[in-house]
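Fit chain U to the supplied structure of chain L, relying on the hints for placement.
Protein chains in written order, with the UniProt record's numbering: chain L, 1 to 242; chain U, 1 to 1164.
Simulated from the structure, these hints should not be mistaken for laboratory data. Since the structure is predicted, the reported quantities are computational estimates derived from the model, not experimental observations. Ideal Cβ placement from N, Cα and C applies to all residues, glycine included. Certain hints may be false.
What the hints assert, rightly or not - Not the full set, but computed from the structure, chain U residues with beta-carbon under 10 Å of chain L:
(1) PHE273
(2) ILE275
(3) PRO278
(4) GLY945
(5) VAL946
(6) ALA956
(7) SER963
(8) ALA965
(9) HIS1010
(10) PHE1015
(11) ASN1030
(12) THR1036
(13) VAL1046
Claimed, not checked - Going by beta-carbon spacing under 10 Å, a handful of chain L positions derived as facing chain U:
(14) TYR9
(15) GLN10
(16) GLN23
(17) GLU37
(18) LYS47
(19) ALA54
(20) ARG68
(21) ASP72
(22) PRO76
(23) ASN91
(24) VAL140
(25) ILE216
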Amino acid sequence: MYYGLSNFYQNHRRYVKSRDDSQLNGDNSSLLNPSKECEPYRTNEDKPIAPCGAIANSMFNDTLELYRIDNDTRTPITLIKKGIAWWTDKNVKFRNPTGDGNNLTALFQGTTKPVNWPKPVYMLDSELDNNGFINEDFIVWMRTAALPTFRKLYRLIERKNNLQPTLQAGKYSLEITYNYPVYSFDGRKRMILSTISWMGGKNPFLGIAYITVGSICFFLGVVLLIIHHKYGNRNTSADIPN
Amino acid sequence: VPWLSWCLASWLLRPQSNCIKTSKYNIVTFLPVNLFEQFQEVANTYFLFLLILQLIPQISSLSWFTTIVPLVLVLTITAVKDATDDYFRHKSDNQVNNRQSQVLISGALRQEQWMNVRVGDIIKLENNQFVAADLLLLSSSEPHGLCYIETAELDGETNMKVRQAIPVTSELGDTSKLALFDGEVICEPPNNKLDKFGGTLYWKENKYPLSNQNMLLRGCVLRNTEWCFGLVIFRPDQIQADEHRPIFGFLVCMGVILAIGNAIWEHEVGVCFQIYLPWDEGVHSAFFSGFLSFWSYIIILNTVVPISLYVSVEVIRLGHSYFINWDKKMYCAKRRTPAEARTTTLNEELGQVEYIFSDKTGTLTQNIMVFSKCSVNGHSYGDVQDVLGHKAELGERPEPVDFSFNPLADPRFQFWDPSLLEAVKLGDPHVHEFFRLLSLCHTVMSEEKSEGELFYKAQSPDEGALVTAARNFGFVFRSRTPKTITVHELGRAITYQLLAILDFNNIRKRMSVIGEVLGARLGPGIRLYCKGADTILLERLHPTNQDLTNVTTDHLNEYAGEGLRTLVLAYKDLEESYYEDWSERLHRASGAPEAREDRLARLYDEVEHDMMLLGATAIEDKLQQGVPETIAILTLANIKIWVLTGDKQETAVNIGYSCKMLTDDMTEVFVITGHTVLEVREELRKAREKMMDASRSMGNGFSYQEKLSSTKLTSVLEAIAGEYALVINGHSLAHALEADMEVEFLETACACKAVICCRVTPLQKAQVVELVKKYKKAVTLAIGDGANDVSMIKTAHIGVGISGQEGIQAVLASDYSFSQFKFLQRLLLVHGRWSYLRMCKFLCYFFYKNFAFTMVHFWFGFFCGFSAQTVYDQYFITLYNIVYTSLPVLAMGVFDQDVPEQRSMEYPKLYEPGQLNLLFNKREFFICIAQGIYTSVLMFFIPYGVFADATRDDGAQLADYQSFAVTVATSLVIVVSVQIGLDTGFWTAINHFFIWGSLAAYFAILFAMHSDGLFQMFPNQFRFVGNAQNTLAQPTVWLTIALTTVVCVMPVVAFRFLKLDLKPELSDTVRYTQLVRKKQKTQHRCMRRVGRVGSRRSGYAFSHQEGFGELIMSGKNMRLSSLALSGFAARPSASWIETLRKKKGGEGSTACSPSGAADKTLKV
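Okay, chain U solo, but in the shape it has when bound:
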């Protein structure tokens, strides 16, 4: 048994389960826990309190059931909802927890579920598996305990990273040895820093330091490594929170007014009226009576914020969520994933989003690099052509080029221009040289599992794409040893001697190889192949290339305009004597104790000169479908999009251009890359100054000067003219996010149209979101696909996860998930907008109807001695909100729409009212309330005026309390129904059914409640017996109801008519145009594809680290088989691992000596 005593600094006392638990209840705990939680909500406790009040006879103005019926209903519905939610949570938990992994138990491997993996277990991972927990790498199938991981889930970087086991454990290759492993690890608690880790392993009385280099973090994927063993160290937990806040101030206010009224009345009138109505026992003063009546009125007036509001809101949100889930247009057929609203509470906020924070990799891009075009010797290949040779439009592609002649071709590779292949077949020397370069100049590793089945391990997908392209065009990179590269050139195996790799780094922005054909007299001799960024390379060409350079530059511009990533290829023949001399100097330089890097760089610089231009490649970082269009539309909708990516700056800027976030029309793109606080501050200041200068010169200088002096920085920045963009680097961002600079940074960033933050850590992503949330008070949305986006997704108001990919952490943390970025457009502009609109209309109407309903009591208070006598029958009060008026407003809240979905996509400006919160702000709220109060006034005083003197047609008095109650109630139901009819903008059968149904239900229930039968059974409960038929048979009553309805509705109609005529909203105009357009034929609004002449952008998507150059030359990562093949003798060397460590530690060596002086013995 591998027993390991774990002492994880301070916080871990018992082995932690690896089980993810997001569910809250089980069957036993459900009822108590759920009830407890529900009563923690202010609203529910408030209603419970009301219920208790109603049980006190001196106070009770309403029977207890008016509160308990809705309360029980609410609690039940919420409980059912919670139960179903939790059921689904259980399901998704199980899905994660039941993922299998192999755990070493008693010296044998067993399949275990994720949740059963515990700290201290040793687990075995196989190729392409997710790392189940944070692991300490012990050993792997690769030599020296190396293993490759992809961390795209964590930091968005798509290139592979190397991790290595510490030497002592890397020999523990099989289970029997591992079973005997007993060590102790002391490490820091889990944190958010992905690139830092500190710990120590104690084993066999030795101390071994542990670093990030030895760790496999949860969420990584093992690549190109058959297996590895790891020790489970820990896993972080997740917590979510929720909030709620109602408003009751108004209620208390009204209660106080009426209570004071009551006290005065009892003092003035009630005292004298005691002969007929003595005070209650225990009530001795008017003041105390007023106090009691305060509580009575609280009970009566609570209907302004009824329980049913909460239920209705929940129901509407649930409905909207289902609309999102059911939306076929957000269903991705390819991945078979529908959109999913994982939380129901945020739908209306989707209609108010102002800032979108987006991840890049996997969200904007597909993370697939495609060799798309190339220019060879002044000839551009890669345009899709139709039969006639014209450039074909996208979407009507002909057959891809057939690579069947080449048995080693990668079947997934597609190219659309047959002329390039023809050129290869015709033996165009330039094209041959072009592809030869691509097949030689790289740091890709190949793996040939069986004959002809090649796999490339590329550090960056760009390189992989280039080498794959060469492979398909007949220049197959087959295998490599530290000193050779074997290439099958059009079926002929040629082995090149690899003399040196001049590796890529950030400053050089190019890489070269120096090679010669092994033992070849015919070959080109020693030749340097170089590929790199155009800005750098074009300057290093031989002057004779001028013409070709001009043509190629045109091509490069063209490619850049299409958002492609370009590289320039060049070569140079080297004199053997020169090379000998150079390599000698290089050897010396690499051995130099100081300034090694500088000296190497100078040498590289020297040799990479006067090169001959070969051509250029264009690689497409494939965007997700519809990304530029989506971004364009979202920008039109006044949503600001910030890209937060772990990628390096060039890649990020590139993507910014290709998805049209950055354009060349922009006045300026500020790039902030400062390393120190001062630099960053200075750069930010300069950016701001430039923006202000520009706007000052644009506008009236004088007035601007004044403005500048009188107002704050903020307002000036908001008045910026011109379009700017900001690109900021991770380390600058770290400074910019410090407390004293964050406002400065935010203001600058917000003045820009587009913001790109590159090389940011997951924590920084969250900090940026937090910053905007804190100062801008705007609704933020974060969208991402990987574990590195989780923090950002959780921080933003709304989190969106891209689903259907390998990782699920982002989806689990998100509020909404779907599989394509482009669906965001629909989610926001259609669903979000509608949800917001519906919720606003719903709330407006809801408050209106309840104020109209409740405030009648207030007016009645002045005529009944402020005694808290209700105007209506208690059953009417109970049922008004849950039966008579609930369903029509629900139907409106669920189904209403102002303009059809196509229009809201067509006119993104329609989204703006949501961002400005125009539809339900304080003003709108007070308008609704005012309308409600106006209605309640008429609702009371018109019947009052009529009833004061009226008699029935048989002579009996009409003005009895019960008839009055029925009249007011009936006119209220009718007025409110007419009003919902006016408010409903989109009529469905359900709306009709609910409105007419509610009216019918009202009359049916009214007559039932007032029937003889019920009275006979419960004479004390149904006192209104016979009232309905007696009252509603009176023409006077109907005349009153009609009058009330007209007077209540007329001003509303007139006001809306005027508004439509004089100050129409955009949506009104759109609706009107729609009506007009219906008569005409629908016009096609084609999005014109504008070919943009773009600034050139070029570069590798290499990580900021150096490539594998050193690894390759040292032969460390070579399989024994390939070494044996080449017959290359490996010699021992100083530990390469040491070098690697040093490099990670910051002091890097750039490349090793080309002569490969020192190689460590390989184990056999």
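Chain L on its own, in the form it takes in the complex:
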């Protein structure tokens, strides 16, 4: 399950650089003194922002829930929120600040939440290994998109067994808690469901491109072969002027 945004310039230069990887990696000094790159989301009311920068500040915070409607009963579909980020991001790139104990509230002491966020970073999730900077939703958001129209992995829906499709045909309902305004910049939100294979999700471009290029190559090959047979033998030493 993906959410998609369009006309959202996550690849803008000023947007891309507006983060402090040192802070996100759990560096205590950067936590309290974020990089200048984060301006104007570096400090708020003289307190350093954690996580600082425009990327973090603009984190997508709608919640999506999927229900299967079966004879007027709504069965929630189990959405797995872990395993949506790269292993390296979760374990290497993003780390919570270190200190005594595991109390994130204490560790983030002295910082303030990003301006747009409703709650601070240490309250993103109840589970300790998915909270703070290592919250996977946050990590996914922080991996900025290359293009202004993009999708990001939101939740995983696991296949129960191999005989049945993951989502059987039927009625479903999607409940969205609308927190994230996109209207002002003419943005669009989407929810995408996709099945993945060894090549990832559905991606017709590659297939079409391969077929096209393959046929052009074949055609060219034939044409060149004909031309070579017809004119190639002109290429003899008799042509050399001296």
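For chain U alone, kept in the frame of chain L given last:
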């Protein structure tokens, strides 16, 4: 102390050092001066400017190190190169400056280095020494302060010239007297006119005018004079310049487009997007944001012309220079001199040369005259014969003739035909008379240092060769006095009375002596011996000679066909009474106040009549090895060769024939010798008309008429049919080079296949080169060996010096030097051609790869709000040009070759693309750029298409910025590597190593940069942690890379295949033939030696001045010893020196009275 106050008109305030300084730095000044110089180059300043831009945070789209790393690298490499260059310059300077000369200090001679010689010093020169600075001759070992110099280094003339000290100083023969010399010289500043000098010496309250006759110019060599003293006057300086110009228009264009895009985007979209991405502080309007983004894009797009381009070009040029230096085939074993590329910046221009300006003496010829053949009484001698008596081919010569019977023989003289010596030994009277003539009829001076050790001082090497030949065949010219000549004829000393010398001049083209055997009753009585040009002499023969004349004429034709210089010899017996009468009239004529010259000429004419033909001589002006072949091949390569020589016209034309520049197949050889502007203009006009007439009659008359009226003169002249040659004289050239006639002259000259300019001054040489440079926009090359060629060498785009000879000025001024003219062929056709080809391929590829690399940013700009976001990781941008793609293209630029060297010599036509600049012109440049842009489009849009909807195999999104960056970067590196593989025509191990190595390096560095370790250390610098392994593990990514590669390369392959099939280049054809030929046995392509039936050319190589005849007859230059020997009493005469001066002044006397009426007392 000889104190001299020098006041050299206007420019000299302090004594000038004689030190040559071409080096720029010393250890202390190196760093600041070098950095200053480097930043004077536009490119370096540009990059410094970029660096400053990058330090402004609002603009910086790239980290500062993306520029500083290459910049520092460039500066360091350049500095190191400059330092080594300068080190070598120091070395060569020292070599020159440390030459020794003897300087008179405090009344004693001391050895001093050249550089320490100062204006005002008196220095002593010894025989065969180079004149270290411009000197005023004070005195010499020879009587009357005479001294002989050779000026070949200055004007290419090989004959010796006489210089004389002014009488007052010529007595200052020893150091004690010289030490007391104090005078003041006022003279004009140094100039380019070698034959003019004006100044005054003030000494002991007297004024003495100084002229060129008193000067020894720097670069001359003292000959046949034991020593002389000279006063240092001045030396000229040398300056060199360099230039550079890059192009940045494109960059600004792109920057502007993107900046406008940015302004619009910020105005339309960015304003609304401010809730998530507010504008920077200080940025209040979209317009200002656009302005900032312009500079940001300038930073990003600067990679189209990266710094590494300059470094790479330098490295390639350096590599090519080393190839030239290391070329064994351009190493002259005899002189132990390798070819040397003295500048590295011109290698590719060697592949584009259209005009070659060549000096003659020392460059085309060896400046050695050899008595090669002769015809005596209808019998030709001198052909090399093998045992069976057949004419032998060159290269398989038998032993030379053994002259051991003659103790006085010159051991260096070689002759290959034993039959001539046999004829001498058998006592053939004709042969005897032949050699007697050679031993008598000349103006050579002899010098016998010890018994049997003879040295000849010949005014022209031709004469020297003839007299030496006679000497070896047993007619040894031993000594002479003003009235006698002693000859050892086959061991018997015979003294001839020398009655008169009818000296050579340009109009007469002959010289005669009248002599008789002293007191001999048996001898031939009074006899006139004459030698001269065949055209003149054959008309003056006695009619009974008709048969012999016919045979001799055949021989002369044969000799001329071989490029030999011929002279006809004849004699005439004179009745004593007739002679008495004639000499009486001569005496009167020489004393006549007016029309003296005419009267003398008439008298000479009268006596040189009805002569008996003896035979003919053929002298070979030895060409350097392989000159005709080289010229033939260079002509085939469409290179025009102009010979600019200081020699006189006949010599130059002769050489033109012998080195096959001029041939008898030519339609016409125009000779321009006009003395006035009008004459020259008229002659040029006639030449042009003739050429046009011929082509008009050849072609369709009607269409030509039309063409003539519609187009300019130029185009008509370019359509000339037939081969023409132009020979122009120095004084005509002076008029032809005037502003209103130069175009006319140039057009005429360029329509001719060969151009020979004779008797030109060094300045004129430079002017001719300048003229061609100015109007023809062609690459010019000047080649020469002496100081007289320096100006020409410096003026031409490329200067080549012939090294390994005595003089080094030409080499010092040159860009390339080697020791044989024939190496020019290899330098141009092999090295030059390759250099050009390589440089073109290099530039094409370089621009292609950088456009492919950089233009992706442009396309990305449309998707990232024109925010100057880079597509790639900043490290990739830094390293792309200096690590990932630099070495393969360098390897191609250094090693590539399209056809092997033998083929480029075999098919000189292969040189033409360079001259027409077919391989890297605007069109080719745009094709490369277009290819680069095409690649960049695919490079961006294929990943874009794929990534728009793609997800990873674990479901996570694929289209994140970092994965996109890695994908594009990887496919770019792969595509560019495949492309270099296609471009490389000649694979060496190094090419393979570099290409595979670069790919390996890319992946190694990629994984290293994206590793955990580096990120842990600098989390803010290495943001791409884990990206490589995550992205490159995706099959989708690899499928994208493969697709991109195929689509990028496929059209290129198809296009090249088609071109090879349908419109192959000559080099492709040659390469193909080579493949075919490999299967067959290599054929031998022998250059057939075609015996050419040539027009006869004959003449002396005498200088245009008259010979020593007058000197000899006056006895001025006779040593006392030889005079005493002959017991000839010298009588006083009116100053001979006066006569000499007058002659130099223009009004000449031809010869002095045969009776030798007036001789000045000789000092005892």
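I'd like to know which numbered hints this structure contradicts. Please list them from smallest to largest. 18, 20, 21 and 22
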